[in-house]
Amino acid sequence: VIDETDEGTAADVTGVTDDGTEPDVTGMTDRPSPDVAGVTGGGTEADVAGVVARAWGAALRLPDLPATANFFALGGDSLIGVLLADEVNQRLGVAVDLTDLVEAPTLAEFTARVTARLTPERR
Amino acid sequence: MSAGVDGVRDLAGGNPDPRLLPPLRPALDAAELRRPTVDNVRSVLPGLAEAAAARFARDGVPTDALAVCSGALDAMERVLLIHTRPGDRVLVEDPGYPPVHYLLAALGLRAVPCPVDAAGVEPAAVAAGAGDARALVLTPRAQNPTGAVLSAARAGELREVLRDAPELLVVEDDHASDVAGPPGVATLAEPGRRWAVIRSVSKSLGADLRLALAATDPATGVALRGRQRRGPGWVSGLLQQAVLHQWTAPVPTAVLRAARAAYAERRAALRAALAERGIAATGDSGLNVWVPVAEEDPVVAGMRAAGYAVSAGRRFRLASPPAVRITVSALPPAEAGAVAAALAGVLDRVRDTGGDRSLSPAGERATGGRA
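Taken in sequence, the protein lines are chains A and B. Every letter in the first sequence is one number past the one before it in our numbering, and letter 12, counting from 1, is 16. Every letter in the second sequence is one number past the one before it in our numbering, and letter 226, counting from 1, is 277.
It is worth saying that the hints were derived from the structure and are not from the lab. From a predicted model like this one, the values you see are computed outputs, not experimental measurements. Built from N, CA and C at the ideal position, the CB exists for glycine as well. Watch out, some of these pointers could steer you wrong.
Stated by the list, open to error - Label-pair distances were calculated between CB atoms; the ranges are:
#: 1; chain 1: A; residue 1: 65; chain 2: B; residue 2: 273; range: 36 to 44 Å
#: 2; chain 1: A; residue 1: 65; chain 2: B; residue 2: 102; range: 40 to 48 Å
#: 3; chain 1: B; residue 1: 85; chain 2: A; residue 2: 54; range: 54 to 62 Å
#: 4; chain 1: B; residue 1: 289; chain 2: A; residue 2: 65; range: 40 to 48 Å
#: 5; chain 1: B; residue 1: 76; chain 2: A; residue 2: 77; range: 31 to 39 Å
#: 6; chain 1: A; residue 1: 123; chain 2: B; residue 2: 277; range: 46 to 54 Å
#: 7; chain 1: B; residue 1: 183; chain 2: A; residue 2: 54; range: 55 to 63 Å
#: 8; chain 1: A; residue 1: 48; chain 2: B; residue 2: 241; range: 54 to 62 Å
Using the sequences plus the hints, can you model the full thing?
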């Protein structure tokens, strides 16, 4: 029996999502970290945009998302959003969260927000 | 309710106690294929329309226009699509129901957070934002996550504030109506305004029925039903008949009364146990109790170690301070003391070790993506 939360996502106590997929909804946890120049300094905004776009694509399981892609219109929810934010934070050393996705729900807006959070030397 | 397979009791889900949902089989047995259309416009089964109108009218909600939608969020999306455009600002409760925040984001609407206290959304925030906003979405009872109930006095204040914003759409998400607790409910709906009062049966009859009644101002009603007709057409008459059966037959109506009483008892038991230990909490209605904390993660982790899964408040919050949500729908009153004792112990430990962590609520907000 899968307990669902009241927002329709599977409760994380079960570790199973409501569409029957494995708990690793980002599909990213066992991939090696890409060589992100931005993490070690000297990266460009294009690198950051690429990292964010790849994280979104993996989280939503939709490659080649346009800049206008809207996280919630594409079915994103709190469970996927928390994992996505975690992934972006780990890759880029920033601190974004689910609220940032709510406030900046398109890929372009979210990328701009992440870029703004990077320390100047990382930008 | 039994403990989960790993021995952790789930107080995080926010769902009704499955044992307090009326049995479905008799309702389905009584239903037959019957399109709920008596003319070119209506999409509501006549008997259900009458029953719903009586319920709305009892609470002072005008019943000139009724629609049946596929759940509260379907009704909300349709009403927002009629009256808003991408980029518009919408006043929302903070904390509030995450899928509402996500729906606004998906529609390209900008959520403007308005604080909630035990009497509902705060008028000062609504007054400050109403001039630039197209809509206000509020939860008149069983506010999720805080359990707040919109008081009659607060409704009066809000109506006063909204006089200066006659074009503002008001959407009331009365999602738990039948089992929320208070027998009546205040409303901001009034002639001359654009409004929708939405009542889902998810919490009372089961989320899988996918059905909500919406009372609206007449113009919104025409637009809502018109667009619904171009899309899904109507909500299946089978489901409408099932809901009507659950609202009128003796057994299900008795179960609904029992459910309302049981949730009230479970809320009261936990709140009393928390108060005994000096823990402040809100939750006058609905299925949840909301407990403000300094930091969410250590409290959630500590409760889990103590055998209880509670929900971190983060996903409900936009700019409001940290808290945890405890779902009481399936928590027997006899166990409320144990939950309160566990929480008191966790809060003590977090307080003892939290001094040199300098993780203020603002700091937690900044690292909030880490679960």
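So the hint says 46 to 54 Å: do the beta-carbon atoms of residue 123 of chain A and residue 277 of chain B match that?
holds (53 Å)
Quick check on a hinted range of 31 to 39 Å for residue 76 of chain B and residue 77 of chain A, using CB atoms only.
holds (37 Å)
Are residue 65 of chain A and residue 102 of chain B spaced within 40 to 48 Å by their CB atoms?
holds (43 Å)
Just to be sure I understand the hint, the distance between the Cβ atoms of residue 183 of chain B and residue 54 of chain A should be within 55 to 63 Å; is that true here?
violated (36 Å)
36 to 44 Å as the expected CB spacing between residue 273 of chain B and residue 65 of chain A, which holds or is violated:
At roughly 39 Å between Cβ atoms, residue 273 of chain B and residue 65 of chain A fall inside 36 to 44 Å, so the hint holds.
Between residue 85 of chain B and residue 54 of chain A, does the C-beta distance stay in 54 to 62 Å?
holds (55 Å)
Could you check the hint for me, namely that residue 289 of chain B and residue 65 of chain A are 40 to 48 Å apart, CB to CB?
With a Cβ separation near 34 Å, residue 289 of chain B and residue 65 of chain A fall outside 40 to 48 Å, so the hint is violated.
Given the range 54 to 62 Å, decide if the beta-carbon distance of residue 48 of chain A to residue 241 of chain B lies inside it.
holds (56 Å)
In this structure, the hints that do not hold are numbers 4 and 7, in rising order.
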